[in-house]
Structures are given as C-alpha cells and as structure tokens.
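Trainee: With the hints as a guide, bring the two chains together.
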Amino acid sequence: MKISIQINASPYQHQAADTAWHFIQAAIARGHEVYRVFFYHDGIYNAARDARPPGDERDIVSRWSSLHSDKGVDLVVCVSSAQRRGLLETSVAKKVGGYENALADGFRIAGLGLLMEAVIDSDRHIIFGE
Amino acid sequence: MLYIVNKNNDVLVDCIERASNDDVILLVENAIYSAIEAGSSVVFDKNIPVYALEPDMKARGIGRKQSHDFIQYVDYEGFVELVEKNNPVRSYF
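The listed protein sequences derive, respectively, from chains A and B.
Our numbering numbers the first residue of the first sequence as 1 and each following residue consecutively.
Our numbering numbers the first residue of the second sequence as 1001 and each following residue consecutively.
Just so you know, these hints were derived from the structure itself, not from any lab.
Quick caveat, the model's predicted, so the values are computed rather than measured.
Check before you lean on any hint, since a few could be wrong.
[To be verified] Keeping only pairs whose Cα atoms sit at most 16 Å apart, straight-line, the calculated EDC-like set for lysine to aspartate or glutamate is:
1) K1085(B) x D123(A)
2) K2(A) x E1084(B)
3) K2(A) x E1081(B)
4) K1058(B) x D18(A)
5) K1007(B) x E130(A)
If we strip away everything but chain B, and leave its shape as in the complex, we get (with noise of 0.2 Å):
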C-alpha cells in the first residue's frame, strides 16, 4: 500500500505505527516537515521506505542536506511511479 501523508503531525506518526514493511510512505505538502532532520520528533521506521515531494520541499525552502539520509525524493513522475507500483493508495488524512 502507499500511504500519502500531506501533515506533519500525529496523523503521520500514526501512519508508521499502522504501516508494514510491504507498504511505502510519501510526504507531499506540509508533511515534508517531518522529513528535517533536526528537531524532529517523528520517529520514522526504517524498514519503511519514506519518499518525499521534492517539488514541496523546494517550495518550503528545504534541501535535501536538512534531511534524514533515509528519505527518498520524487518529481510528481516518480509519484505516478509509485502509484503504479503500489495498490491501494491510501491518503492518510
């Protein structure tokens, strides 16, 4: 399943509790805050893949260099890639 998770809140963290190790995360919107590396107090679980919208962190003025190395980064290209490489997809509000 991918899960698209666009807060940076609990919903997130309740989002990796219920994840497994089949599913993948993408940050899109302001859940790409939780991608920084300091000061964050999401714990991510890393038999997780997380994917982060690059094009919302661009727009949130976050570079790759403030991220957890973990994280990997899509275009809106690679997020149609992930939709059609994952089923269901499952916007986790």
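Bound conformation, chain A alone (with noise of 0.2 Å):
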C-alpha cells in the first residue's frame, strides 16, 4: 500500500513528528511504501538543518534526513510555509541574502501540487499534528 505523511507541527513542542516517524517505522516494516512526507505550516521546523539538540535526546531532524537516504523517501517542505518562518531554499536565499544552508540533508522545497499529487496517488493521506 502507498502511504503519504503529512506533518503540520514543530518537533519536540509537539509529538506529531516523533508519531509520524514511529507509524512510518511501522509501516515499512510491514511491506508499505511511504511515498512522501509533506511538512507543512510549523511542521516546516522539521528541516532545519541547524537543530542541535542535546547529544542524549532524539535528533528528530538528522532521523529525517536518515530516512530520505536509507529508504529514499521523499521529504518535501512546503515553500510559502517555509519562506514565512525564513527557511530558505539556497536560490531564494541567495536572491534576497538570506542564510542559504537552511534546509538539511534529504529535503527538498515545493509548493501545494506535490501535497495534492501525495494524495491522489496514495491508497492512504494521514496527517500528524493539529
């Protein structure tokens, strides 16, 4: 089965995203594709590659990019959500001299259509958050 994730919460102020994660481990575990995970509004938090938490606590944002290169899954961060809160793709930010290494390893940015494509092509949505 064709599984999409979506995220609309920040990491460690809510549990959506270590949620998303245990239910994505599940679900590969038992045979499914999980074709996209679409971070969205604060969910964009998730991708900043900037995140150092303490070395004793889960680092939510290096699992993600661990996914991306283990499993290939496609991690896509929405682009106005992520312009508003000044997580810049590299050509913007170097166009308007923002910082231009915002974003961490395995994400990407792009707009609505590649949530609206997750949705359609997948036999199941679930969006993790509030």
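Mentor: In structure tokens form, the structure reads like this:
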C-alpha cells in the first residue's frame, strides 16, 4: 500500500513528528511504501539543518534525513510555510541575501501541488499535528 | 473511516457525534487521557470501536486497568493495521 504523510506541527513542541516517525517505521516494516512526507505550517521546522538537540536526546531532523538516505522517502517542505518562517531555499536565499544553508540533507522545497499529488497518488494520506 | 484523535477536549466529543457505526476511533497522544474511566467527561458511543495507542498510554503512565473496559489497544503495528483496514483516514483536530 502506498502511504503519504503530512506533518503540521513543529518538532519537540508537539508529538506529531514522533508519532509520524514511529508510524512510518511500522508501515515500512509491514511492507508498505511511504511515498512522501509533506511538512506543512510549523512542520517545516522538522527540516531545520542547524537544529542541535542535546546529545542524549533524539535528533528529529537527522532522523528524517536518514529516512531519505536509507529508505529513499521523499521529504517535501512547503515553500510558502517555509518562507514565512525564514527557512529559505538556497536559490531564494541567494536572491534576497538570506541564509543559504537552512535546509537539512534530504529535504526539498516545493509547493502544494506535491501535497495534492501525494493525496491523489497514495492509497492513504495521514495527517499528524494539529 | 478511521478517525485519529490526538487531543482530550471537545474535538473528541464532536468526533464521537459525527462518527457512524462503520467507523473506528483511534486515540493517540493527549487523547489518551480520555481513555481513563475515572473522572472522564467524554461519553463514548459503545457502537463505535475505540482503540488507544498503547505506547502513548505508557508514556503518560496510564495502564489498562485505569481505562474503560471497551477500549482496545494497539501498538504502532496495530496502528498501521487500522490504516490498512479503514479508508479514508481522517485526523480529527
């Protein structure tokens, strides 16, 4: 089964990123394909490259990056949500003189078209957050 | 339809009113607190199956003995099974 995920809440503040993460692990273990994780609203903070949680805590951002590198899961950050919050794509950052390295490895920035595509092309679409 | 509820407030009450007998409700995150029998103000509809995500119960120190007897328990694998069996899935915020 093809499953897509949407995360609407920031990590550490809200449990959404953790619930989604555990769900994804279980879904992959049961043989499902996680087609895309779409980070929306405050969920974009899951992609903040410079997040540095204490060493004895889970590293949520790195965990997502590993999901992309190990399992090939498409990690998409909503462009409008990200720009509103100062998380800029490199090309945009260059243009406006912003921070060019904001996005962690494995994430890409795109519009709501990719969210709609995920909803349409997946057998299930599950939203975590609020 | 699988309803996923993550808050212990009026949203759950609204969800119970809206759900039909063919639906299933899964309590996750802070919605787990509504599974506690004592002092719960939420009135469940016994015709609608209610599941609770047990890892979230454990994280909040809530055991099965404290919960309503009609509640069924799932781990994350069981969560995935509920998603397999029910379509669509609606997160009820």
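Trainee: Determine for every hint whether it applies to the structure shown.
Mentor: Consistency of the hints with the structure:
The straight-line distance between the Cα atoms of K1085(B) and D123(A) is roughly 11 Å, inside the 16 Å bound, and the hint therefore holds. For the hint linking K2(A) to E1084(B), the alpha-carbon distance of about 10 Å falls within 16 Å, and the restraint holds. This hinted pair checks out: K2(A) and E1081(B) have alpha carbons roughly 14 Å apart, not beyond 16 Å. Taking the CA atoms of K1058(B) and D18(A), the gap is near 15 Å; set against the 16 Å cutoff, the hint holds.
Proposed proximity of K1007(B) and E130(A) is supported: the alpha carbons are some 9 Å apart, at most 16 Å.
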